[in-house]
Amino acid sequence: MFKVSKEFSFDMAHILDGHDGKCQNLHGHTYKLQVEVSGNLHAEGAKKGMVIDFSDVKEIVKAFILDPMDHAFIYDINSERETKIANLLVELKSKTFGIPVRTTAEEMSRFIFNRLKHEVGLPVSAIRLWETPTSFCEYRE
Numbered sequence: 001m002f003k004v005s006k007e008f009s010f011d012m013a014h015i016l017d018g019h020d021g022k023c024q025n026l027h028g029h030t031y032k033l034q035v036e037v038s039g040n041l042h043a044e045g046a047k048k049g050m051v052i053d054f055s056d057v058k059e060i061v062k063a064f065i066l067d068p069m070d071h072a073f074i075y076d077i078n079s080e081r082e083t084k085i086a087n088l089l090v091e092l093k094s095k096t097f098g099i100p101v102r103t104t105a106e107e108m109s110r111f112i113f114n115r116l117k118h119e120v121g122l123p124v125s126a127i128r129l130w131e132t133p134t135s136f137c138e139y140r141e
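Residues 1 to 141, numbered by full-length UniProt numbering, are exactly what the sequence shown covers, in order.
Keep in mind that the hints were calculated from the coordinates and are not lab data. Any given hint could turn out to be false.
The calculated DSS-like cross-link candidates involving lysine-lysine, where the alpha carbons are at most 25 Å apart (straight line), are [to be verified]:
id, residue 1, residue 2
1, K93, K62
2, K6, K58
3, K6, K117
4, K58, K95
5, K3, K117
6, K95, K32
7, K84, K6
8, K6, K22
9, K58, K3
10, K117, K62
11, K3, K47
12, K48, K95
13, K117, K32
14, K117, K58
15, K62, K32
Make the full structure from the sequences, and use the hints.
As structure tokens, then:
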């Protein structure tokens, strides 16, 4: 079995409602996202010798992760406070993206993994999400 990875970056804003530190305030990050795909090599055809074409990974991640999340306010749809902020931003014609979990690096890693693997069908084996240049989370099933 082979593992291949493709890296991306995106910017987003969020808050952690109820957090006991400064992340309870609206702030942003430049995230680095690494998508790891595992599988056997294609035995024939245009993709012979590849697990997956890197351009296919790029197209899928762009459509399902980067396009909706880049330069958006990412919020927990279960948080009343975060939802109020998102609704105000929508009124002001700003980009938002709601997820059903708290917007920690850990929960966002799992959300991205599940969206790519279970909703899209990409054979993802790991997601690594850097919130800062020195701090990242890895999620595997």
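Give me the numbers of the hints this structure contradicts, sorted from smallest to largest.
Hints 7, 8, 12 contradicted; others consistent.
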